[in-house]
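A.B. asks: Could you slot chain B onto chain A? The hints should help.
Just so you know, the protein sequences line up as chains A and B, in that order. Heads up, the first sequence is in the numbering used here, so the first residue is 1 and it goes up one at a time. Heads up, the second sequence is in the numbering used here, so the first residue is 644 and it goes up one at a time.
Hints are computed from structural coordinates only; laboratory data are not their basis. Some hints here could point you the wrong way.
One-sided and incomplete, this derived list gives chain A residues near chain B with beta-carbon spacing under 10 Å [claimed, not checked]:
no. : residue
1   : 145
2   : 277
3   : 288
4   : 291
5   : 292
6   : 319
7   : 323
8   : 333
9   : 366
10  : 373
11  : 374
Don't be surprised by glycine CBs; every beta carbon is placed ideally from N, CA and C.
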Amino acid sequence: MIPELGQISLILSLLVAILMASIPLWGAHANNKSLMQTARPLAHAQLFFIVVAFALLTYSFTVHDFSVAYVQKNSNSLLPFAYQISAVWGAHEGSLLLWIMILAIWTSAVAIFSKQLPETVIARVLAVMGMISIGFIAFTLFTSNPFARAFPVAPEGVDLNPLLQDPGLIFHPPLLYTGYVGFAVAFAFAIAALLDGKLDAQWIRWSRPWTNIAWAFLTLGIALGSFWAYYELGWGGWWFWDPVENASFMPWLVGAALIHSQAVTEKRGSFKSWTLLLAIAAFSLSLLGTFLVRSGVLTSVHAFASDPERGLFILSFLIIVVGGSLVLFAVRAPSKDAGQPFTAYSRETLLLLNNLLLTAAAAMVLIGTLFPLLADTLKLGKISVGSPYFGFLFTLLMLPLVMLLPFGPLTRWQSDQASKSVKLLLPWAVLALVAGGISFFFWPGGGIKTVAGVIAAIWILLGTFAFVRTRFKNSGSRFTAEMAGMMSAHLGVGIFFFGVLMTESLSIEKDVAAKPGSNFSLRGYDFRFDGVEKVEGPNYIADRGTVIIKNGDKVIATLHPEKRMYASGGNSMTEAAINSKLHRDLYVALGEPLDDKGSWALRLYVKPFIRFIWLGTLLMAIGGFVVSFDKRFKRRNAAEANP
Amino acid sequence: MSTRLLPLLAFIGLALLLFIGVRMNSGKDNSAIPSPLIGKSAPQFVLPVLNKPEVMVKTDDLKGLPYLLNVWGSWCPACQVEHPVITRLAESGKIRVIGYNYKDEAEAANKWLQQFGNPYDLILVDEPGRAALDWGIYGAPETFLVDAAGIVRWKHVGPITPEIIEQEILPLLESVQ
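Looking at chain A on its own, in the form it has when it is part of the complex (with noise of 0.2 Å):
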């Protein structure tokens, strides 16, 4: 029965879902403050709707209802708790609908927080929103249905994918799926400003903190995802250029880019076209992401159990939503840009190469990804385009960028002299030189990488500070919540190439065959093997390793990787261990046992600076998020709305 009523929920939600997409905007059409009124209302019956049916499905799931086939599927009665809960997303039928419960929430947050927008705007906004929401609700109830039972009831749940027993797991998809999702209210925004004929300043302003803070929560979920895959995978990357990697990958870069047009479109006017155009893109290419992860194109890590009826649903509605857009773009973006004029060095200028950049590398990150797919219907062979090509292009692209980043914030609007940024960072760029040269005789062997992570680290950081001491110079400036998060963000940006670059150049890592009582040295640390004994988990029975780790004569750590296999069958997995520092990790991973006498496959290694990768992305996650709390988006709104 309860499983029947979540369905019945879902399916008002999506009639919920019909009238908001119909009545608000007709209201708009034709002038009706009645009918568009209704818009509010309906977003939170939708809203209301998509969590009881969420809300019973997690209920199956803690009950154990085999009956219903994404329990059977996805749980076990020995699952511990916290993974009942988040095996709802698990897979893919409950993660869509997560998926739709954040989009619900970000709709019924644009009705709340929509009050000094005019009632024809925010009627457009919400009809939107709700087309999206349609598509989403359908695609789920006829392709992909959570709440299908399955005859006869099997006694015991497959079980929730090991992989995906994690705490990292629990987090990863909705912090994700929020990013994802977030940029629905720019697009939105974007495509009612189209269909209005008219892209007033004040909408710009309003919906920036919105594409801040959806950025940053996409920010929180790659960078959770990648420090996963670094401690569960056993393979001690953090990034593998994987096609679902690279789909989330997409909208972060183009979502960077649009934040910065947009405060450029906002503050000068320029830009207008191009802002639209970038949010439609933002939102495009999340859904392309969704496309590829669930439709079985490309072959990843992270694929879902697909079906290719599927991805002709997904196809369709990428192509009503995204080609819809894009012909109405054609047709009503304002022809020629409105805004204030600028002249060849100015902060618009310099925004406009940001801009550039970014979109490139994302362009740079879909051809890549779709150049194997295009291989194989060209009948050129299945290839795989892997890190030599992402690694290299993504470096050109991101070289100028890092070098152009401190000139920003301390550039003029519209027109200034180059000159004068020059000499107000020249002594900074010395010192960072100095510094890289420095570290090149610090750490031999780290080569031109880790003198450029130097680099790229020191300028950026004192960048930023000459940028806040101007600021404190002249003292009628005000120092604002903006400004401050688009510090922690640049921060962010340049620990985040240390930690890469330094982590690239420096990290070694070493494969043994390890007897009882063995030792290995790396690195003046002393790894010495003690053995493997048998633990039993929860759910899982592990093979555990001890590996005790010293530097001279101290202990630094004993650490203990395992090799999982879960009572439910499948393949085994790999708990690395890690011991963690701010400047280095050293990390375990357990892997084959070679004989009877308690030998091993062992993989160590030491990685320098890799915590610095997470650090920066958590850097220009708060920045996001301390930008939207800037006090203009809200005092000036109000200003306006009572003249």
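C.D. replies: Leaving out everything else, chain B in the frame of chain A:
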């Protein structure tokens, strides 16, 4: 106007590519990441035969005729599901089916064969699962098609269905003979 059409045109190209991608995918199993072994010689093993531990079989001993290597274990419920399908294929005589008893105990394996029937030409035993590592076997059931020259042609993870036999195994078998 023309520049504003560019994004739309680019998207049409993209959509076309994705459409072809979806079409190409229909009917083939997407969950299987193609095995790196395909097109290469079957990995070497020396394994005992079930109930005849003194008889050891090498990979090269199997050359001469194509064969299907079916990984199974008495502990594996999905193997029961595919067993009738495997049995029918073996009985049709179109191909030799060789069993690969994976991480199993002889007693349990024999009992299982008594209950469900033994369609295999030969059953190799890999109780520790060591040789399976070279084959990239990470569970059961998994099935490999190896041609007469000992080259791995095809791999499937999960239960074999009649559709898979009709659409994949038999056409491939024809093409390698």
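A.B. asks: With reference to the structure, classify each hint as holding or not holding.
C.D. replies: Verification of the hints:
no.: 1; hint: 145; in the structure: violated (20 Å)
no.: 2; hint: 277; in the structure: holds (6 Å)
no.: 3; hint: 288; in the structure: holds (8 Å)
no.: 4; hint: 291; in the structure: holds (7 Å)
no.: 5; hint: 292; in the structure: holds (8 Å)
no.: 6; hint: 319; in the structure: holds (5 Å)
no.: 7; hint: 323; in the structure: holds (6 Å)
no.: 8; hint: 333; in the structure: holds (5 Å)
no.: 9; hint: 366; in the structure: holds (8 Å)
no.: 10; hint: 373; in the structure: holds (5 Å)
no.: 11; hint: 374; in the structure: holds (6 Å)
The structure is inconsistent with hint 1 alone, although it conforms to all the rest.
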